[in-house]
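Peer 1: Chain by chain, the residues:
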Amino acid sequence: MIAIIDYGMGNIHSVKKALESQGAKTRIVSKPGEFRSADKVVLPGVGAFSDAMRQLRRSGIGQALDEHIKKGGVLLGICLGMQMLFEKSREAGDVKGLAVLKGRVEKFIDMNGLKVPHIGWNKLDIIDKGCPLFKGLGSREYAYFCHSYYAKAGDEDDVASFTEYGINFASAVYRENVYGVQFHPEKSQNTGLKILNNFIKLC
Amino acid sequence: MLTKRIIPCLDIKEGRVVKGVKFLGLKDAGDPVSVGRAYDRQMADELVFLDITASYEKRKTLIALVEKIAKNIFMPFTVGGGIRGIKDIRDLLNAGADKVSINTSAVKYPQLIAESSGKFGSQCIVVAIDAKRNGRSKKWQVFINGGRTPTGLDALRWAKESARLGAGEILLTSMDHDGTKDGYDLELTKKISEEVKIPVIASGGAGELKHFRDIFKKTAASAALAASIFHYRQLTVREVKRYLNNNGIKVRL
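Protein sequences appear in the order of chains A and B.
Per our numbering, the very first residue in the first sequence carries number 1; after that it's consecutive.
Per our numbering, the very first residue in the second sequence carries number 1001; after that it's consecutive.
In case anyone wonders, no lab produced these hints; they're calculated from the structure.
Relax, there's no trap hidden among the hints.
In silico DSSO-like pairs for lysine-lysine, Cα to Cα no more than 27 angstroms straight-line:
1) A:K107 <-> B:K1160
2) A:K88 <-> B:K1197
3) A:K88 <-> A:K102
4) B:K1217 <-> A:K123
5) A:K135 <-> B:K1071
6) A:K135 <-> B:K1250
7) B:K1190 <-> A:K123
In isolation and in its complexed conformation, chain B is listed as follows (with noise of 0.2 angstroms):
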């Protein structure tokens, strides 16, 4: 059987970790390779590599560190953050990623989806989606620029057209739990994974053990992304994973 996925996620800015990773016993808790291999030991399931680098310019220290965590980690990485085009998309996949992750520039450009999946599988293109709830409706709205700018799409809807167009994940985020660690939205992400056919990954909130627990127990998630909780050790994802499977949900351990 399929088993559900934990997937740490980690900001990356001119090719170093930002947002302190305070891993016991990194020396240099900065590298990505360092951080991706101590992941591995804890047996994460996927990496998700989001760049936030401002400068377009400075953007090329991120296919140079794609080619060194593809060297040293032997486990499946989405690297997402501020991809335009066609060229970006090959350059990350030829430096060894095996996705990528488009919000903006999709939505900005639906005919990329169809063309990048058309190019290099649907398996590699993942759209990142960023939801938020419009008032008290079970509608949500689709923001873009890091969360910046409303788009009047919504959710559902965008992730229906995205996987018609040839995603082959969506990655979820609720804007209304990031940062909460209030768990995450299970409206938004129940609604989004029954009604989509391809694997949905849950974003946003993740604080204690049993909010990954509810996530898959109330909704049709395939994976469970967080950032914070993992990296300030709160929890580690081995823990998580042992807590899942006590409480029966099927994880790789």
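Next up, chain A with everything else stripped away, as it sits in the complex (with noise of 0.2 angstroms):
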């Protein structure tokens, strides 16, 4: 059973539609106790990370996030999600994420006529093809993105696809059974389902 994690950001049914079309079966869990016995979580996200912190601090689901991580779970960060598996965040200063990846996310900066937030679909670079996400891609996959920060990551070991927006960020990181892709991969057609099927298959 797929946990997603449903903390009041953002569109929580269109990850479980697109995962339920891959053959996966879904819960929506809302407290820390209810995803204990899922083999995988997903924490997707949209909207402002400090606000997304909070709300997973304060209902614990943030300390059982690292509990399921420990113990091997695995766990997918979809957009804000992958961005809050970071140390921290230069939104409104410097708020702390989750640190289970070494890095911190910073903003856009909206020179040279480039528009923010980053709305469209952008390539992927993929550098480590043996992630397994990618598993059966091609070379020229694109994603739809849509953010205004990135993540920038501090061991370049996590990296398993750059994406070029004025400079090269991290698209898709993953350590360990802990993966994170800023993309929308239920909303990148059939790339998108893809990865999503690769994460279902997953052990």
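Put the two chains together into one complex, using the hints given.
Peer 2: Next up, the structure:
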């Protein structure tokens, strides 16, 4: 069973529907106790980093996620959910993240006519072909992005793909059983569904 | 590199697609899900559903429809038309819409932009602007209520104000070009897309391939929206994208 965490930030239903279209059994959970039995957890999210972190801490979900990872459970963070895996965000000063991965979250600088938010389809430059999420993908894969902040990984070994938008930012990361994607696989048509399918098949 | 988006727009009335959509091989061209899937196969980057249901009471059909679309189509979609307040926005997002497009209500209550983007995030708040040129000047005026009511607002100022209040994108329709098939309003789109820092979706006037090239070569638009040219199969989304790719414009193929 895949637990999808609902902490009041964003469109969890499309993640659920996309996972189900690939044959997964899912459950939407909003309390720490509700996903103890889940082998995989998805942390979605859009909106503000600080609000989201506050929600995770207040509800006890943050701590439960730590426990889930420590006992070897798989975690996938999507968009803001990926950003929260890092140590801190520059959004509204310095806000602490879940600190599962090294690095911090920065804002795109709107220079040279770069529009912020970064909205639309951008290319995944896959640098780690061994990343289980990317199994079976080709060399010209595009995914749908929608964000104003990006993660700057502290350890480049964690980066599975980069994407170029003014700078090269980490569009997918993973370390052991923890995965994060900055794009929305649930909105990225066949490429995204393939990635979710790979996620479902992870042991 | 970020690709330019091609976005078909569908008019929805009481849960059905209106304006005959002449897709090949579609059993039910009025079913938004079938139409959405057909556009999905053509590599559309996003869809916009514009609800033109006249009566507010019948708008419940829209929520059921949005749920059905979200269940079947795995690409971003925006829903607009008749949105009055936070509750309407929340209902649509909860039903599975990725973004909502607000037009008249945003002009009447600009705080709605601030409040909704604060609550749900800028990425899901699109401010739609219908603009018409003032005579021969280089100024455009904002109209509301489906283009019936002039507001006295300058389109550029309103676009900037919308961005400041928290809009994530501007959907800019030229009333002078809409329906003409003479091409997008390059002057208007250039002016606004170069001056606001959020993405601008150009709308109104697409009639042939070169119009799509021009809007991306001559303005800073992030996306081009079109309705009838796609509905009546004059062009497919894929044809437009191949053409743009051959003309050196980055698209997802």
